[in-house]
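K.L.:
Here's the letter readout for the chains.
Number of protein chains: 4
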Amino acid sequence: MIIALKQDAGRDEVRNFASALEKQGVKIHFSEGASQTVLGLVGDTTLIDEESLLAHHLVEKVIRVQEPYKRANRKFHPADTRIDVPGADGVVRHIGSGYLGIIAGPCSVESREQIVEVAGAVKAAGAGLLRGGAFKPRTSPYSFQGMGCDGLNLLLEAKKETGLPIVTELMAIHQLEVFDEVDIIQVGARNMQNFTLLKELGRCRKPILLKRGLASTITELLMAAEYLMAGGNDQIILCERGIRTFDSHTRNTLDLSAIPALKRQTHLPVIVDPSHATGIAWMVPAMSKAAIAAGADGIIVEVHNNPEAALCDGEQSITPEEFGGLMGILRKYAELEGKKI
Amino acid sequence: MIIALKQDAGRDEVRNFASALEKQGVKIHFSEGASQTVLGLVGDTTLIDEESLLAHHLVEKVIRVQEPYKRANRKFHPADTRIDVPGADGVVRHIGSGYLGIIAGPCSVESREQIVEVAGAVKAAGAGLLRGGAFKPRTSPYSFQGMGCDGLNLLLEAKKETGLPIVTELMAIHQLEVFDEVDIIQVGARNMQNFTLLKELGRCRKPILLKRGLASTITELLMAAEYLMAGGNDQIILCERGIRTFDSHTRNTLDLSAIPALKRQTHLPVIVDPSHATGIAWMVPAMSKAAIAAGADGIIVEVHNNPEAALCDGEQSITPEEFGGLMGILRKYAELEGKKI
Amino acid sequence: MIIALKQDAGRDEVRNFASALEKQGVKIHFSEGASQTVLGLVGDTTLIDEESLLAHHLVEKVIRVQEPYKRANRKFHPADTRIDVPGADGVVRHIGSGYLGIIAGPCSVESREQIVEVAGAVKAAGAGLLRGGAFKPRTSPYSFQGMGCDGLNLLLEAKKETGLPIVTELMAIHQLEVFDEVDIIQVGARNMQNFTLLKELGRCRKPILLKRGLASTITELLMAAEYLMAGGNDQIILCERGIRTFDSHTRNTLDLSAIPALKRQTHLPVIVDPSHATGIAWMVPAMSKAAIAAGADGIIVEVHNNPEAALCDGEQSITPEEFGGLMGILRKYAELEGKKI
Amino acid sequence: MIIALKQDAGRDEVRNFASALEKQGVKIHFSEGASQTVLGLVGDTTLIDEESLLAHHLVEKVIRVQEPYKRANRKFHPADTRIDVPGADGVVRHIGSGYLGIIAGPCSVESREQIVEVAGAVKAAGAGLLRGGAFKPRTSPYSFQGMGCDGLNLLLEAKKETGLPIVTELMAIHQLEVFDEVDIIQVGARNMQNFTLLKELGRCRKPILLKRGLASTITELLMAAEYLMAGGNDQIILCERGIRTFDSHTRNTLDLSAIPALKRQTHLPVIVDPSHATGIAWMVPAMSKAAIAAGADGIIVEVHNNPEAALCDGEQSITPEEFGGLMGILRKYAELEGKKI
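Residue numbers (the numbering used here), protein chains in the order written: chain A, 1 to 341; chain B, 1 to 341; chain C, 1 to 341; chain D, 1 to 341.
In short, the hints are calculated from the structure, not lab data.
Any given hint could turn out to be false.
As the list claims (entries may be wrong) - Dumping the calculated DSSO-like pairs for lysine-lysine here, alpha-carbon to alpha-carbon at most 27 Å: (1) C/Lys61 / B/Lys6; (2) B/Lys339 / D/Lys332; (3) B/Lys160 / B/Lys340; (4) D/Lys199 / C/Lys199; (5) C/Lys70 / B/Lys6; (6) C/Lys199 / A/Lys332; (7) B/Lys206 / B/Lys70; (8) D/Lys339 / B/Lys339; (9) D/Lys340 / B/Lys339; (10) D/Lys339 / B/Lys332; (11) A/Lys6 / D/Lys61; (12) C/Lys75 / C/Lys199; (13) D/Lys332 / B/Lys332; (14) B/Lys61 / C/Lys339; (15) C/Lys6 / B/Lys27; (16) B/Lys61 / C/Lys75; (17) C/Lys75 / A/Lys340; (18) C/Lys61 / B/Lys70; (19) B/Lys332 / D/Lys340; (20) D/Lys199 / A/Lys70; (21) C/Lys70 / B/Lys61; (22) B/Lys75 / B/Lys123; (23) B/Lys61 / C/Lys6; (24) C/Lys332 / B/Lys61.
Quick caveat: nothing in here was measured; it's all calculated off a predicted structure.
Based on the provided sequences and hints, a complete structural model is requested.
P.N.:
Right, here's the structure in full:
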C-alpha cells in the first residue's frame, strides 16, 4: 500500500502518523521528495482500512497494490479450485479446473409435473445440475413469491427421479434448516452484500453459488467470497449475471470481461448466467457460447417446458428443445477451450 | 396497462389471450389498427406481471401507465405523511409534511465518551435525532464490524442523557429483539431488496428509514417501501444516499432530482444522506443545502468529534463545530422553503 | 406508435390533438377505455418527434413500436449487407454476410519502419486490413496527437508494400481531402454524434467504420448510421468498443450482447474492438474469441511491434507473435460459426 | 506522479527505466522496499502519459498526484475567473466570482415572433443573457435540425431589440464565420471531446460555454477546457447538464456534487442546465434552486412561450410566467449565498 502525503505535511506529524501505522503490523518505507513525501507500507495490509487513512489530514491519496482479499486470491492459492458435487445417481459433477458446470432448469418450481419434466429433459440434453427457485426474490410484494418449502420438496423429488444435484436460492438464514438435501446453495445478486447471511453461510459446508450484485465491482464480489471463506467454507462458485448500466437493450449488461479478470485474480470457478443477464430467451445461445469462449467454467440457464405460462421470468427461458440444440454447440466450444462437460 | 401485440397476431389467439387476462380481474379494450392490435387493460393491474406478459409470443411491448405500487402512491393518499418520533425528553420530532428531520451522529458508536459527547454536541447545534451504527455492513470481513450489542447499549445511554430519539441500522431480523428502545430502524442501501427482512419489518410498528440501493431506480425504492407497507407499517422514511455511476469524483453520485420525483409520486417523507453520497466531508455542507433547496424533508449527516481517529468513514464526517455552522445556514434555507426544523 | 393520454383528457381536446397528428401523415385509432384514452398511430412514424409529443399537456406516455430508423433497419432490408474492400494486391476483403473482417495494426503510426513492419506481420498472420492512427483524439492537449498527414503517408506506403486496405480515423471534415486513398474511414466513439461530420460523410462513397459512443445506446448508434445512410452512403460497419459503466476493472465495459441485438435489428455488419474496450493486452484474445462466438462480423485489434515503446495505448496492444497465435484460434471459432476469414 | 513497480523488477532494468523517464524532464526519487520499488516523479508531469507507463512491463500501478491540467487549475490560478459580457444595451453581464449568470430562452429559434417575445419576457423577469439554438444536434436525421443561419439572424434581431447578449451553439468550425455577433459560443455535450473543434475555438477570443459530455468525468471536462485554454482562450464557462446513468426517471442524472468538486479544482465559473439534465419542465425550479445552493455560478434554462408547440424539447421548457416566478425565488437563494444576479 502506498500513501502519498499532502505537500505541506510537517516532518514530525509524518513520523507520528507512520509510527501509528507501524502499530498495525506493517513496515514503512519513506520516500521524501522535494515537494512530497510518499510512504510505502510493506507487510500484510489486508487489515488496514483505506477509508480511515483518507480521513487523515496528512493524506492526499492512497493506492492499494495488494488486493484486500487473501483466501480468494490466486496469489496465495495458485491452483484452480474444483467444486465436486455428487448426484443421487452416484455420478460426481465437477465445476472448475477444466470442467464446465452446466446448470439448467426453470426460474421457479411451479408443479411436480413441471419440475420433473424439465429435470428429465435437461439431464437428457446433458446438464449436470438442476436449478429451480423455491424462495423467489421479487421486486413487487404482489408478484408470485415462489412455492417455498413445497417447491423445495418438489425439487427434491426431481433430484430423486433424475439423480441431478440441485441448486436453489436461500434468501434468509432460517431457511437453512430445510436446505439439508440441497447440493449447492445460491446467494442471489441482491444478497451479495448481505453480510450477516454471508457470515452464516461461511460456517456451512456446502458449495455456495455466489451471484455478482447488479452494481458490484469484481473486487466487491471477491470480498463477498472472502466473507464466506473467512468462515471456513472454501467451496465457492462465482457467477457473473449482468450489471446495471445506462443501457437498456438487455435487462442488464453482461460483463464478459469479468471472466478473464476474475480468473486471473482468483482460483475460484466462475460461471455465467446469460438468462438473467439479458432477460431475453433468443439471446441465451449467443451469450452462452461467448461465455465459454471468454473462459467461463460453466453456465446457469433457465429452461422451461412452457415459457409462456411460466409464473416468473418466462421471457428469458428457453425450451428443452432449444437447450438440447445449445448443448450440442457448447460441446464443440468446450472442446476448443480444452474443457470437459 | 397497454399491450401492443405483434403484427402477425391471429384474431383467435388474441381473443384467447385477452380472456386469460380478464380472468386476472381486468377489463380489456381492443384497438385493432390496420397492422397492429393494441390492448388496453382497465382496472387494478398491480397484480399483473409485466415479465410474464413479455414471455408471451403474441406480445411486442408492454407499457405500464399505472404505477405498480399502491400504499406508497400519492394518488391513493394525497396528503403528506408525517413521521412523529417522541424523544426521551418529552419533545416530539417530526419528519415530513413541512418539518425537516435533522439526524446527526457518528458512523459507528465507538465508546461511551464518543457517542455521549457527539450526541450532546449535535443536540446543542439543533439536531432532532441521533444516528450511530452498532451493527455495520462492511465490504471487507477484516474491517471493523461495529460494536454490536455493546454499541447499541451505548447509543441508548446517549439517548437517555440527551433525550434524542435514536436511529440505527438493523442488518438481520434476529437483531430486532435488542431494538426495543430504538426509535427509528434503518434499512441500509445493501439491504433495500432484502425482501425477507422487509417483510418482517413490515410487521413491526416502528418508523423505518429505508435507504435507496446503490443501483436502485426510484420505482424499486418505492416497491421496497411497498413491501414494508403491505405488512401494515406505514411509517416509512425514504433516503436518497447516492447511486453508483461511471463517475468517481465522489463515492457515489447524489441524485437530487430523485427528491422532486419521489415527492410527486409518494406521500412518504424523503431525506438525503450527503455524507455517504459524497464520501467527502467538505462537500457535506454544499450538498445539504442543495438537498433542502430541492425539497428534501431532512438530512442524515455524519458528525464525529475526531474524524481522523474514526474507526469507519472518517473521511466523510464533519466535526460538531462544522455541524453547528451548517445548522445556522440550513435554518435560513428551511425558512425559504417554508419548513420547520 | 402508441400514445396514452392523461385520465382527465377532454373529448374535444383529444379530437383536436388527433387531427393535428393526422396532418403529419399518420392514421389514428382510438381506444377509449373507462378511464383512459389510448391513440394508436398507424403509418410512417419515423418523422414524428416523441419529445414534442411528451410536451403536450394531454399526453401521459408514448411508446414507440416501430424503430425510428429505416435505412439501417433489417425490417426494410432483410439481407445482410456485405462490405467489399479491394486491396492494392488485387484481393477483395469482405466484411459481413458470412465473412469476418480482421483489422489489425498499431494505435498510432509512429515511423515508416514501425508501420511497415507491423503491416507485414499482421498480413502474414492473416489480417485482412491494416489499421493505424494518423490523427489521434487524445484527452489531453499535451499528449501525442498523432503524426497527421505524415502518418497518413506512411500508412499509404505500408498499404503499397503489403497490399492491405487501410482503415484510419478522420477527425474533421477538412481532412477528407487527404483521405483519397484511405479504404475505410473510421468515425471515432467521441464523434459518433458529431452530426455535422456524419452528414458530410453520408455524401462520401467510401465504407465508414462507425464506432459506438461511450455512452450511446444501440438505438443511438443505429441513428448515427441512419445519418450516414440518409446521405446515400450505405457502406457502414458498426463497431462495439465498450461502454462506460461504474465498473473500472477494464477501461470500458465490452457489451457483447450488443452483437446479437444489433444483428437482429440491422443488416449492417458489426465488429468488435477488444483493445479499446478492455485497455488490457492480455484480455484481447479472450474477448476476441467471445466476440466471434457472440456473432460478430470481425474484430479490430491493436498490434504493435514494441508495445512498451508505443506512443499511445501500448498497454492494450498485443505483439505480432501474440496476434499470430490468436489468429490460429480464431480460425477455429470462425469455422464453428460457419464464417470465412 | 507515483509509479509502483512489479515485485520482480530487476535493479538494472529499473535504473534504465528511471533514466528514460528523467529525459522527459522530471526527477525520480526511489523508495526501495523489501518487496517492491516505488518511484516518485517530481516536477511537471503534465506531459507524461499514464497509459504509456502502464504498457511497460515493469509497471504495476501509476498514481497521479498532480492534476493533468494547468491553465484550468486553481492551484496555478487561485482567484475566481469572472466572465464579462457586454450587452447591446451597454450593460455588462458578469458570470462567476460572486455573480450569477442567468441565461434563458427557447431550445430552438422558431420564428421572429417567438424569439423576440421570449427574449423580452426573460429580460423583464431578470435574465442576463438570451439562449436560443439555430444549429441543433438531433439524434435523428429526420428531426428538425434548427433554422440555421436564418435562426441566427432572428436571434441577432432579438439581441438588438432587448440588448441581451446571446448564447448559441456552434456545431462545426465553418459556422464561426457567421458567429461574429454571437456573445458566447456554446459547445454542446456531444462535442465536448471534438478536439479539432476545441483547438480551433481556443484561437477565438469569445467566451465559450462548454457543456459536460454525457459520460465525461470532471477531469475530462477540465481537460476539454484545457484544450481551449492551451490555445489562448481563457474565457471558459463550464456547464453541468446531467450525466448518463442506469437511472431513467429523469433524462439524465444531474450531478450537483460536480459543482463543489469543480469549484475546488478550477477557477472557471460553473453553471447548471436543469432543463436538459432533467428533461422535465416541472423539475426545473427545484433543480435550479438546488444548483444555486450547491454553489453554481448561474443557470441556463429553457423558456418557451408555448411549450406544447415547441419544435424541440418542449417537455422541458417552462413558460415565461413560470420563469418569472422562479427568478423571484432565486434572488433569495442568491442572497443567502452572497451572490449578485
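K.L.:
The structure should be examined with respect to each hint, and the outcome stated for every one.
P.N.:
Cross-check of the supplied hints:
Restraint check: the Cα-Cα separation between C/Lys61 and B/Lys6 comes to about 20 Å, which is no more than 27 Å; the hinted pair holds. A threshold of 27 Å between alpha carbons decides the hint, and for B/Lys339 with D/Lys332 the separation of about 15 Å falls inside it, so the pair holds. A distance of roughly 25 Å separates the Cα atoms of B/Lys160 and B/Lys340; the hinted pair therefore holds under the 27 Å criterion. Among the hinted pairs, D/Lys199 with C/Lys199 is consistent with the structure: their alpha-carbon atoms are about 22 Å apart, no more than 27 Å.
Taken as a hint, the C/Lys70 and B/Lys6 pair is honoured in the structure, with Cα atoms around 19 Å apart against an allowance of 27 Å. The suggested pairing of C/Lys199 with A/Lys332 is violated, with an alpha-carbon distance near 45 Å, which exceeds 27 Å. Taking the CA atoms of B/Lys206 and B/Lys70, the gap is about 21 Å. The hint holds against a cut of 27 Å. For the proposed pair D/Lys339 and B/Lys339, the alpha carbon gap of about 23 Å is at most 27 Å, so the pair holds.
Of the pairs offered as hints, the one joining D/Lys340 and B/Lys339 holds, with about 25 Å between alpha carbons and a cut-off of 27 Å not exceeded. Between D/Lys339 and B/Lys332 the alpha-carbon distance is near 15 Å, which keeps this suggested pair within the 27 Å criterion. Distance restraint check for A/Lys6 and D/Lys61: the Cα-Cα separation of roughly 20 Å lies within the 27 Å cut-off, and the hinted pair is therefore satisfied. Between C/Lys75 and C/Lys199, the direct Cα distance comes to roughly 24 Å. Compliance with the 27 Å bound is thereby established for this hinted pair.
A hinted pair counts as satisfied when its Cα atoms are at most 27 Å apart, and D/Lys332 with B/Lys332 qualifies at roughly 10 Å. Restraint check for B/Lys61 and C/Lys339: the C-alpha separation of about 33 Å exceeds 27 Å, so the hint is violated. For the hint linking C/Lys6 to B/Lys27, the alpha-carbon distance of about 18 Å falls within 27 Å, and the restraint holds. For the hint pairing B/Lys61 with C/Lys75, the CA-to-CA distance comes to about 17 Å; that is within 27 Å, so the pair holds.
Simply put, C/Lys75 and A/Lys340 have alpha-carbon atoms about 40 Å apart, too far for the 27 Å limit, and the pair is violated. The hinted pair formed by C/Lys61 and B/Lys70 meets the criterion: a straight-line CA distance of about 20 Å does not exceed 27 Å. Simply put, B/Lys332 and D/Lys340 have alpha-carbon atoms about 18 Å apart, close enough for the 27 Å limit, and the pair holds. Note on D/Lys199 and A/Lys70: the hinted pairing is violated, with a Cα-Cα distance of about 49 Å set against a maximum of 27 Å.
In summary, the hint linking C/Lys70 to B/Lys61 is supported, as the alpha carbons are separated by about 20 Å, within the 27 Å threshold. At most 27 Å may separate the alpha-carbon atoms for a hinted pair to count; B/Lys75 and B/Lys123 exceed this at roughly 37 Å. Note on B/Lys61 and C/Lys6: the hinted pairing holds, with a Cα-Cα distance of about 20 Å set against a maximum of 27 Å. A threshold of 27 Å between alpha carbons decides the hint, and for C/Lys332 with B/Lys61 the separation of about 39 Å lies outside it, so the pair is violated.
Taken one by one, the earlier hints fail for this structure at numbers 6, 14, 17, 20, 22 and 24, listed in ascending order.
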